[in-house]
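What follows is each chain in one-letter form.
Protein chains: 2
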Amino acid sequence: MLTLTDSEIEKQYFMKDAIKDTLALFNKLEQEQIIVEHRTVIEMPNTHNAMLYMPCLDLKEKLGTIKVISIFPDNPKVNLSTTQGKILITELETGQHKAIIDASYLTRLRTGALSGIATDYLSRKDSRVLGVIGTGGMAFEQVLGILEVRNIEHIYLFNRTFEKAQLFKEKLQDFGINIEISVTQDVQEVVQHSDIINCATRSNEAVFNAKDLKEGTHINGVGSYQPSMREIDINAIKKSSKIVFDDIGGAQTEAGEFIQAEKEGHFSFDSTYGDLQQLVLHKINGREDDTETTIFKSVGAAHFDLAVGIGVFKKLFS
Amino acid sequence: MLTLTDSEIEKQYFMKDAIKDTLALFNKLEQEQIIVEHRTVIEMPNTHNAMLYMPCLDLKEKLGTIKVISIFPDNPKVNLSTTQGKILITELETGQHKAIIDASYLTRLRTGALSGIATDYLSRKDSRVLGVIGTGGMAFEQVLGILEVRNIEHIYLFNRTFEKAQLFKEKLQDFGINIEISVTQDVQEVVQHSDIINCATRSNEAVFNAKDLKEGTHINGVGSYQPSMREIDINAIKKSSKIVFDDIGGAQTEAGEFIQAEKEGHFSFDSTYGDLQQLVLHKINGREDDTETTIFKSVGAAHFDLAVGIGVFKKLFS
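Chains as they are written, first to last, in full-length UniProt numbering: chain A, 1 to 318; chain B, 1 to 318.
No wet-lab data here; the hints were simulated from the structure. Worth double-checking, as some hints may not be accurate.
As the list claims (entries may be wrong) - The following residues of chain B were derived to be distant from chain A, with all beta-carbon distances above 12 Å:
(1) Lys86
(2) Asp195
(3) Gly250
Stated by the list, open to error - Output of the computed footprint for chain A on chain B, the stretches with three or more beta carbons under 8 Å from beta carbons of chain A:
(4) 32 to 43
(5) 47 to 60
Think of the CB as a built atom: it goes at the ideal place given N, C-alpha and C, for glycine as much as any other residue.
Build the full structure now, drawing on both the sequences and the hints.
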């Protein structure tokens, strides 16, 4: 049984790979070569802890994965990550279990890849300024996803704790990102300058004011993964011409601000514009003019983990 | 991440351990310290292959497991086992994934432990003769389970392919089992001599005739795990005073001869005698006299895998 740690994967499997493998996934979904089962969630009594199990098969590659994630919200108190994941990879010719690999980096990477892909279809081609709201665990690969698809010249960073945004700037620079980076304590400054805004927070209220948006901005939201959470301003939802989800079914039970917007009558999942698969397969249009406000909202799904899990396995072991 | 192969586990974790850990499980089930989720099954289109995912948590030990099994019926053609399993073990204080261990030996071992425990409660104390019908993959640990709870002096072996029964006899002897062992091509001879009969076949019809049973025989059935399968004679079901299942819910959808017996009006899951947990916790009686015919039927369940998976982990790594 092969094993890979996060740091081993980080050295060998990159954003470019994740985007390529995720784009290939959409074709396989269309050709009905992917079987996704509903995930199993076990909540542990008298705690906020939960275990999630997400199985999925790729009939084309003849490889299956299950991602097992533990979500333990009190972990940061003991200097551990809130979520810890593993992906088990099974070869489907003979059912042999081949590898177990860390899933933390891959989960962040595939989420960044999804935002990158969506941004490629939905943002203005001449987008030059990226605004990052929330520089926590998911943010780094969000930036990498955007940089992969647009020629960004300036990044604005905002975080509730200012020092963390400064450290995040250093991390980007250490990675070799040679772009002007401004750290600000004023979220309005971020929004007023940005062509693309990425939100990755655990906020329970909107993290920006839609009034501050430039014309033609594209927004990615990967936070608010529970009904009680909000990060995208409901007024931004109201003014958007195209709202695209990675997984509409998942979003209906998890994407807090959209659930709220639907309750308030400003939005409807039933008549939503579409999902990322439709966008990539050209069943729905990407951006059509420079004035549209567009939103991509991601909540994740087992098949996205499958795409990168199998991608790593094929890149490293085939 | 710790890993263990089947052969590493076989050298360090034995039938005695599996029985002890399984008995402890029943107490934990009673104290509601075990969370079992319904298993997920993915059948692969245009094949007989399937993937099974069985998650379970032990809140007392603060350890969780998921067993992932692939069932590929054509595997023997390429000299591979039909089923291949892994158990992922997660520590539930902080959600860290600790080990991934082979599950083939453990699945056989826990099935043998279940038959052993049931036999301890249901067979005559003076049982001396064990009959084994079907000497395939599951049979070896079935014998070990019985030997752990009764002073067996003679074992009769029957298998559809006679040579395999002879090889099985050698395997038992190589293991150090110093008991008279008869290999026969006549299943009637097995049944007429046996105090305890263990069936572990993939038969689609009864593998013995109930007329040949001695008075007071106990029967264990671990085959017929699909509705189309039969191994225990329906007339044995009819004449039994106590029928005990490892998991009644599972048996209702899997235990072929009982599903058939219910259809024919000879048996009812609703009014069945009980399950192994009730037996071990003395909620129902074990054998009450020497004339009863008794049956234990096992189909398996995630919490039995949990018991031995955690047992191995604690024995080897704590």
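Hints, one by one, checked against the model:
Not every CB of chain A lies more than 12 Å from the CB of B:Lys86, the least distance being 5 Å, so the non-interface label is violated. The beta carbon of B:Asp195 sits about 38 Å from the closest Cβ of chain A, which is more than 12 Å, so the claim that it is off the interface holds. Even its closest Cβ contact with chain A, about 17 Å, leaves B:Gly250 beyond 12 Å, as expected for a residue assigned away from the interface. Using a Cβ-Cβ cut-off of 8 Å, 5 residues of the stretch 32 to 43 of chain B lie near chain A, which meets the minimum of three, so the contact claim holds.
Counting residues of the stretch 47 to 60 of chain B whose C-beta lies closer than 8 Å to any C-beta of chain A gives 6; at least three are required, and the coverage claim holds.
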